[in-house]
Structure formats: C-alpha cells, structure tokens
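If you want the building blocks of each chain, they are given just below.
Number of protein chains: 2
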Amino acid sequence: MKNNLSLRLDQTANSTQTNDSKEKILTGDRATGSLHLGHFVGSLQQRVKLQHQYEQTILVADMQGLTDNGHNPQKVSSNILNVVADYLAAGIDPLKTTICLQSGIPALAELTMYYSNLVSIARLERNPTVKTEINSKSFGRSIPAGFLTYPISQAADITAFKATLVPVGEDQLPMLEQTNEIVRKLNHIAQQDILVECKPLLSKVSRLPSVDGKSKMSKSMGNTIMLSSSEKEISKAVKAMYTDPNHLRVCDPGQVDGNVVFTYLDAFHQDQDYVANLKAQYSAGGLGDGTVKKILEECLQDLLKPIRQRREEFIADRSLLIAILKAGTERSQDESNDVLRQVKCAFGLNLF
Amino acid sequence: MKNNLSLRLDQTANSTQTNDSKEKILTGDRATGSLHLGHFVGSLQQRVKLQHQYEQTILVADMQGLTDNGHNPQKVSSNILNVVADYLAAGIDPLKTTICLQSGIPALAELTMYYSNLVSIARLERNPTVKTEINSKSFGRSIPAGFLTYPISQAADITAFKATLVPVGEDQLPMLEQTNEIVRKLNHIAQQDILVECKPLLSKVSRLPSVDGKSKMSKSMGNTIMLSSSEKEISKAVKAMYTDPNHLRVCDPGQVDGNVVFTYLDAFHQDQDYVANLKAQYSAGGLGDGTVKKILEECLQDLLKPIRQRREEFIADRSLLIAILKAGTERSQDESNDVLRQVKCAFGLNLF
Chain A
1 MKNNLSLRLD
11 QTANSTQTND
21 SKEKILTGDR
31 ATGSLHLGHF
41 VGSLQQRVKL
51 QHQYEQTILV
61 ADMQGLTDNG
71 HNPQKVSSNI
81 LNVVADYLAA
91 GIDPLKTTIC
101 LQSGIPALAE
111 LTMYYSNLVS
121 IARLERNPTV
131 KTEINSKSFG
141 RSIPAGFLTY
151 PISQAADITA
161 FKATLVPVGE
171 DQLPMLEQTN
181 EIVRKLNHIA
191 QQDILVECKP
201 LLSKVSRLPS
211 VDGKSKMSKS
221 MGNTIMLSSS
231 EKEISKAVKA
241 MYTDPNHLRV
251 CDPGQVDGNV
261 VFTYLDAFHQ
271 DQDYVANLKA
281 QYSAGGLGDG
291 TVKKILEECL
301 QDLLKPIRQR
311 REEFIADRSL
321 LIAILKAGTE
331 RSQDESNDVL
341 RQVKCAFGLN
351 LF
Chain B
1 MKNNLSLRLD
11 QTANSTQTND
21 SKEKILTGDR
31 ATGSLHLGHF
41 VGSLQQRVKL
51 QHQYEQTILV
61 ADMQGLTDNG
71 HNPQKVSSNI
81 LNVVADYLAA
91 GIDPLKTTIC
101 LQSGIPALAE
111 LTMYYSNLVS
121 IARLERNPTV
131 KTEINSKSFG
141 RSIPAGFLTY
151 PISQAADITA
161 FKATLVPVGE
171 DQLPMLEQTN
181 EIVRKLNHIA
191 QQDILVECKP
201 LLSKVSRLPS
211 VDGKSKMSKS
221 MGNTIMLSSS
231 EKEISKAVKA
241 MYTDPNHLRV
251 CDPGQVDGNV
261 VFTYLDAFHQ
271 DQDYVANLKA
281 QYSAGGLGDG
291 TVKKILEECL
301 QDLLKPIRQR
311 REEFIADRSL
321 LIAILKAGTE
331 RSQDESNDVL
341 RQVKCAFGLN
351 LF
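Heads up: the sequence lines are chains A and B, in that order.
Mapping to full-length UniProt numbering: the first sequence position 283 is 283, numbers consecutive.
Mapping to full-length UniProt numbering: the second sequence position 123 is 123, numbers consecutive.
I should point out that these hints are in silico values taken from the structure, not numbers from a laboratory.
Take the hints with a grain of salt, since some may be wrong.
For chains that are exact copies, the list does not tell them apart, and a pair is met inside one copy or across any two.
What the hints assert, rightly or not - Calculated pairs, BS3-like style, for lysine-lysine (alpha carbon to alpha carbon, straight line, at most 25 Å): (1) K216 with K293; (2) K49 with K279; (3) K185 with K137; (4) K326 with K293; (5) K294 with K236; (6) K216 with K22; (7) K24 with K185; (8) K162 with K199; (9) K75 with K162; (10) K24 with K219; (11) K185 with K75; (12) K279 with K236; (13) K162 with K214; (14) K293 with K22; (15) K214 with K24; (16) K24 with K216; (17) K214 with K22.
What you are looking at is a predicted structure, and each value in this text was computed from that prediction instead of being measured.
Just chain A, same shape as in the assembly (with noise of 0.2 Å):
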C-alpha cells in the first residue's frame, strides 16, 4: 500500500513533464490564522518551488475552517485576506498557482452532498487523523456534523480540480485514501473513471516544533514566529527558545536532540555544513546558547525580513488581494462545474 501511495517530492520533482501532461496539484490552508514558520518549512517552500512543474492550486479553505468555529466565524473570515497575503509575501505566483476560497466555489458543497451518500459515519470515526483531532479538541459526541464530515468535503476539493498529486504529512494519508475511496465508487456508479485518484507527496521536512518546545505552535500562545513577525518579535522569540535546560556553562557539553534552536538551523541555515560544525561543538561543550541563538536570529532575520516587507505592502492593498483571489476563484468555478455536471450524470441527474 505505503509503496503505491507514497511519492517522494525527489522523486517527482525529478520526473521529466511537458507542459500538457503536468499533473495538478491541489494544496491549500484553513483559513483560520497568519502562516508561520510551520508552514513555511511543512509546506509554503515546496509549493513556491512546485508551481514551476505543475498545474497548483492553493485553496484557501474558509469553509473547512468553520467546520470547528461555527460560533466564531471572524476567526475565519478576518484571516482570508491574511493568508492569502502570506502566499504572495512567500513567493506564491498568481501567475503560476491558481489561488482560490472555498466558499466562492459552490460545485465544492454539492459535490460533498453527492459524496456524502457514498461514506458511513463508521467510516469516518474510524479515520485516524479525524480521530486524533477529534481527542485534541475534546468534542467527544458534540462534535459539529461538519467536522466530521470534513474528509468527504476534502475529497470534493481534491476531485473538483482533478489533482492527482497533493502535498501532505503522513499524518494526512488517511485522508487521501478516503478520497481515492470515494474516487472509486463514483467511477463504479458513473461505469467510467470520471474522478482521478490522488497521490501524496509527502515532504520531508518534518513537523517544526513550537519556540517552547512543547505546544502546538499558535500565534496566541506566543509560541511561534509568524511570516509577519517584526524584527523585534523575532529576535524575543528566538532569545526565548527552548533549548538543553541541563547546558548551564558554556563549557559544559550540550544536548543537539530536541534543541529547538538547532532543529531551527537544520530547517533554516543555508549552510548545513556549518550547522553540521556547530552541532559538534555544541556537543563537545564549548558553544554556549547565546551565541547559537544569535546565529538563528541573524538567518531568521534575514529571511523574514523581505517576506514582512512584501507582505505589508500586499496587506496594504487589500482591493488587490480581494482581485487576485476573485479572479483564482473564478478560474476554478469552470474547472470544478464540469466534475459536478459529470457526477451529477452518474447519479443520472440531468435533465437540464
């Protein structure tokens, strides 16, 4: 299964494609918070890299987001304009990537009414990472029917566009084989493949861990360096950054493993030789945090620092990131008409 289903970015990224036969990639982000670092390492680098080989859409998925904040909509609806800002800011081109919102397209909420036939309520509490999520959110049985039914609307998204490759962690697998699920008993309905079934591309980086350590990296919780983060904030996070509580005098020997400021530097540093000599160091004894900290910073700082700046002017004009996602969206409505009018036929409605 695992040998079918998984497809290294390497691997793809080496594959040689004509511009006809690039394969579609779908991606995208709750829209219910700024993009951090997190997502810069777990998903923006890759996609700003992608969309020079493939088809990419990037959905910016309000409607998903209120899935677990039906009572708190602003949540959603005042980071829209925020996260698609991050995109442009981190190098996204409207050009290349097709940016679009979920709830402009409405093929997407009639597709998950069809697909919604076709899935159990079995079947969906038995999805582990609904389940994981589930646990982490102590909903227990008041858990809103939207989020549990979130993977069905999921498979709508990735089945609108036809993707046949989306970016995931491993933690999302379930959610494309509920997706290639649905794939199938809808081409089995239909009698023909109207659907295509998707693959992941799992990334390498793994997960970027919180400044404390600890928690879930949330701008709230102060845990995080957001892709807006001022210079100030960035260098008060990084001085607060967990590192080896046990490394008391520069001299002594330090813990590398669990470090989030080298796990920082690995994610970050253009240099991994460099990182590589530090780790040494750092473990022999003889490097202390500060100056270690002071190395992520510089790299952070420089990093951030055209990102913010892009990201203010976009932020600045908003009537331009209202134009760029209407005309993505727009695009997207043909696209994902078409899947709905085909699997509205297999279920054999169209009479007009």
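Once you've looked at the hints, dock chain B against the given chain A.
Using the frame of chain A, we list chain B on its own:
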C-alpha cells in the same frame, strides 16, 4: 411547546390574508417512486387547496432521495418526472405552485454545509424521526453520512425559501424543531433575524394503510394503489383488500376498526353519512365484503380516472414536464441565492 407549534389546517384555512402577506409553504417528496393514494390523502389533496391561499413551493427532493440510494441512483433519477406528472395530474397548478428540483438549486447544498457547523452529531442521533428511520432501514453505524445529516439539508430547504409553514405529520415535528434550532443559532451569529422560524401545518388525515393492512405502502410490494394505476389494477387491489378475517358470512356482524375497506371509504368517499350507514349495517351483520368493496371500487375508479388520464398526457410530453420543472427551479434559484448571500454574510464571507 405543542400549542405554539401546532397549527391545524382548519385554523389557517380560515385566516384571511392579503396577497402581500401570504405565508410561504414549503413541501415536497423524495423522488424515489411515483405517488400513491397515501400521498393523495396525506398531502396532495391538501396542497391543491393550499395553493390558492398560500405561496407554495413543492420541492422534488432528488438529493434527499439519494441519501439512502447512493448506490442505486436510478431509483431517484427515473422517478423525478413521474413525481412531477403526479403533482400536475392531481391538480397542482404550476402557475400557483412553484415545483422545483432540489439538485437544481446549488444554494441548498451550500446552506447545508454552513448549517452543518452548527449541529452536533449527538443532536442528529437524538432526532426521533431519524432514529426510527435508521432502525427501520437497519443501517446501524453503516448509515451513510448524508442520511444522518439530512435534517440539516431539510433545514436548508425550508430556510432557503423563507418558508413559515411546513405541512407535516406528527412524526415529522422533530425535523422542524431541528430547523428552528438552526434558525435561532444562525440569527444569533448574524445578530439579526435573517432566517425565519417555521411552523408545522398538521394534517387532519392519519396515515392511509396499505391494501394488505399490515406493511408499508410500496409499489414494489404490490400493496398500494398508485395515481397511475390502471382500472384493472385498482379493481384487483380493492378485491385483495384486507377486511375483517372473522367476517365469514354476510349475515355475521363485521369489524369496522382496522378494516382497510372502511378506512379507504372514510378517506375517499364523498358522502360520509352514507359511509356511516354502511358501517352500522356491517357491524350489525347483513352487509357482505363484496358489496362494500364494490362501493369503494366505484369511488376510487371515479377519483383516479381523470387523474390517470391527465397523468398519461403529461408523461407523454416529457419536454413539457422538464420545462415546468426547470422554470420552477430557476425561479427558486434567485430566492435561495439571496438567503445564501445573507448566511455567508453572517459568517463574514462576503469578500466578493
């Protein structure tokens, strides 16, 4: 609760209303089969009257029909026009009543998605109507997600038309309570009354039994009389009708309670005094089943002949049926899109 909710047909029929303040009725049928006499007494007859007093919309619920027929969609698709023909044949006037197709109104799916975030799985599972249906269909946990969540979809239907009156049987009251819960939650989020609560319009007529008096009416089980039944089929059905199994000789006293022939006479005979006399005679003894059945058959043949003939004409003109359904569906799109726009606005989703 009951006092507030219940509104007898007789009461509302007497209320004087101007055209401007006409209350809106939403009603409809799952498009999973042609309509039979049970539908006629249970809803069609009433709708034919109501269309003169109210602004009435009848929804052909093909999407809801799919919630338990996802793998057998032709059961739905093949019946859409049959149901429309039944409506028109029974006297629904497309100039007075909007007949529309659920799958042709995209806003309904979108509203369902938004409302799904306001209803918990536990709440859906507590719904007595759904509970009963789940048991009767022996779904267990293999219940399709679309089926468990269909009360949310129904709330979308009702609110999309700003319906204030929904004709239902007692067993459907929990569905309207669910709808009104969603209305209140949504209005709370919007901080204004964008959706309207609905009231049930309870039918006086109790459920018509099947011809055999024991099972659910179903065309495939051959225990019902369809609006399309031929003269011969009607005759056969009445002859097979369940009476009093202990009423062996004409001179024996017969049981009227539970005697399907008398239940049908109650429901369909124009002269209820005459039926009361028949009942007295039958109870006392001296009236044979054959005689009563002959009276019922004549009554049903008279009722169904013009309906069957009209129905045949409509069925023969498929393009007319489609045109009527399409016109009603298009008319419904504007109204439902307007409600959708307001609901999206309540969630802050009004960028473009």
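- Task: Go through the copies and call it for K294 and K236: within, between, both or neither, with a Cα cutoff of 25 Å.
- Result: For K294 and K236, the Cα distance is within 25 Å only inside one copy (11 Å; across copies 94 Å).
- Message: Please sort K185 with K137 into within, between, both or neither, judging by C-alpha distance up to 25 Å.
- Response: between (31 Å within a copy, 21 Å between copies)
- Item | Intra- versus inter-subunit Cα pairing at 25 Å for K162 with K214 | For K162 and K214, the Cα distance exceeds 25 Å both inside one copy (38 Å) and across copies (50 Å).
- Message: Cα distance capped at 25 Å. Does K326 pair with K293 within a copy, between copies, both, or neither?
- Response: Neither, since 42 Å and 68 Å both go past 25 Å.
- Measure nothing new, just compare the shortest in-copy and cross-copy C-alpha distances for K293 and K22 to 25 Å and report within, between, both or neither. Intra 42 Å, inter 72 Å, cutoff 25 Å: neither.
- Task: Can you give me the call for K24 and K219, within, between, both or neither, at a CA distance of at most 25 Å?
- Result: Neither: 32 Å inside a chain and 47 Å across chains, both beyond 25 Å.
- Task: With 25 Å as the alpha-carbon cut-off, assign the pair K75 and K162 to within, between, both or neither.
- Result: neither (30 Å within a copy, 28 Å between copies)
- Query: What label fits K162 with K199 when the C-alpha limit is 25 Å: within, between, both, or neither?
  - Reply: within (12 Å within a copy, 43 Å between copies)
- Message: If the cut is 25 Å between Cα atoms, do K214 and K24 qualify within a copy, between copies, both or neither?
- Response: Classified as neither: same-chain Cα gap 36 Å, cross-chain 56 Å, threshold 25 Å.
- Is it within a copy, between copies, both, or neither that the alpha carbon of K24 lies no farther than 25 Å from that of K185? within (21 Å within a copy, 39 Å between copies)
- Task: Go through the copies and call it for K216 and K22: within, between, both or neither, with a Cα cutoff of 25 Å.
- Result: For K216 and K22, the Cα distance exceeds 25 Å both inside one copy (36 Å) and across copies (55 Å).
- Under a CA distance limit of 25 Å, which applies to K279 and K236: within one copy, between copies, both, or neither? The answer is within: 23 Å in one copy meets 25 Å, while 92 Å across copies does not.
Hints 2, 4, 6, 9, 10, 13, 14, 15, 16 and 17, counting from the list given before, are not met by this structure.
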